[in-house]
Every structure is written in structure tokens, then in C-alpha cells.
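Heads up: the sequence shown at position 215 corresponds to 214 in numbering that gives the first Met the number 0, and the numbers run straight through without jumps.
Hints should not be assumed to be uniformly reliable.
[As the list claims (entries may be wrong)] Keeping only pairs whose Cα atoms sit at most 27 Å apart, straight-line, the calculated DSS-like set for lysine-lysine is:
no., residue 1, residue 2
1, 236, 218
2, 236, 172
3, 218, 58
4, 172, 233
5, 172, 218
6, 172, 58
7, 58, 80
8, 80, 6
9, 146, 6
10, 80, 146
11, 6, 218
Honestly, the hints are just simulated from the structure, not real lab data.
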Amino acid sequence: MFNNSSKILFMTIMIIGTMITVTSNSWLGAWMGLEINLLSFIPLLSDNNNLTSTEASLKYFLTQALASTVLLFSSIILMLKNNMNFEINESFTSMIIMSALLLKSGAAPFHFWFPNMMEGLTWMNSLMLMTWQKIAPLMLISYLDIKNLLLISVILSVIIGAIGGLNQTSLRKLKAFSSINHLGWMLMSLMISESIWLIYFLFYSFLSFILTFMFNIFKLFHLNQLFSWFVNSKILKFTMFMNFLSLGGLPPFLGFLPKWLVIQQLTLCNQYFTLTVMMMSTLITLFFYLRICYSAFMLNYYENNWTINTQFNNMNTNLYLIFTFFSIFGLFLISLFFFML
């Protein structure tokens, strides 16, 4: 009971920390919110029974503390410049702030801590790290107007997210590199407009939730577990790989919609080079998702003679199937809705 009550407490403080950051009107207030968020997230990560999660929480603390220090330092410089006529180039301090925020969110070229740390977390913690923990830094990045640095980060994120995932057998690392790739798209959508970023973020969170929910129920952590698992239930197996493709952004599925919006806006802005790089990298991510799905979709796929009897919780499975329905047919439903208007 104590464990659950403390988790609820820390999660509430974590949410409050993010809200303080998003609603603050000064860099100092934003820094304070980020610190509250960080200090409440670390107890959620660390687990007495698991050494890897303790190591991951320490890695997280060190990287976030470094980013927070740089952010605080640069915000103090900005305050000195405004209040004491301090001679310093404002774009320089803005670039320092931007790099600190990119480090906090785990975007390339400051992404090195992210996959290693994900490897030591439980599925629910990694879901929080991939979705909720991105909100505050991305909102702060939207306040800064440094297009060049952001563009470099976008291109690096989409390329590294695509190439890094090619060689992975661990599902958590695969999700981490996929998250870095999606983060590149999110940063690009931030440059276009905040509403498109919000749409992209919500869709990405929904699709990530479906997959991590399933991985968490069946305690799947590596690719070879996927192939030997759903022998009894073909529907579960197919829907899981459909969700993979949806997360990758394959056109008939829901995951394509936010990418479609970003592509449309980029073509309107004539940013063809960036768009080409982003789309080619997404093709690489789709390639490794398809490579995973290929064996499952094959009719002559070899299965084990022994079957692993998994205890299906009916309510969880039904919930998962409802979410999957929206993931697979969501784009059709939204298109129908717009045609009917």
C-alpha cells in the first residue's frame, strides 16, 4: 500500500512540476518546475529489487542536473543583461538555453544518455519518459527563436533515430531510437506551429501507450520473445504488429496522420531538403519495423512445438483491442468525419 501511495504522491508532484514549467512567465520559474519534475521522477524510476533501474535513475539524474545547471546559468546571464545592462550577445545565451533543453528532451546530438537509460527501466516508466517528460522541454523550446540550431537538431535526430534502431534486438532500445526519430518530427512541427506539435504529440503518446501497454502485460523485452509468444492468439499477434506499423507511420494507419500534417506544412513552406531527409529516415524506421513484422505476417512462419500458456486478462485484452481498432482504422474514421462535415 505504501508503495502505491508514494507512487501516487510522486506522480502528482511530477505533473505539478510540468505544469509549473508550462505556465511560468520567467526562465527561473521554468527551471524550478523542471527541478520539481526531475526530483519527483527519480523515486518513480528507482526500484530496490532491480539494480538496473537504480543505475538508470542515476544516469537520468546526472544528465538532467547538468542540463538544469546550464539552463539556470544562462537564465541568470539573461537577467543580468536585462537588469544591469550586461554586455552579452542574446542569441548566444539563447543557444545555450536551447542546447540545455535539447539535452533534457533527449534530442540528437544530445541523445546518448537516452537509449542506455531506457534499457534499465520498466515499461511504464519508459512510457512516462517518452511522453510526459518531453512536454516541459518542448514547450520551452517553442519560446526560443533559433531556427538554425533547431534545424540541425531535427535532421540529426531523424537520422540517428533511424540508423540507431537498425541493429537493435532489445525492444526498449528500439522504442528509444524510435522516440528520438519522432522527437525530430516533433521539433519540426514546433517550428511550424504549436497546434500541429500538440496533435503530433497526442497521437504519438497514444500509439506508444498501446504498444507499451501490451509489452507490459506480457513482459516482453526482446525481439525473440515476440515471435515465440502469441502462438495461441493470432489476432493479438497481428494487431501488435499492425500497431508497430502504425507507430512507424505507414499510410493507411493512424500514425500517418500527424506526419501527413507536417509534410503538408513543410511543402507549403518550400522546405524540400529537410522534408526529403525526414521522409527518407522514416522509411528506414519503417524498414526495421517491417523486418520485425515480416516473419509474423508470413503464412509459412515456423512456430515452436511447445506453447507458452499466457494468462490473458480479458479486460486488458479487450481494452487493448479497442485501442488497436482506433490505431488501425483511425485515419479512415477521421477522413469520413471530415467528408461528412
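What are the numbers of the hints the structure violates, in ascending order? Those not satisfied are hints 7, 8 and 9.
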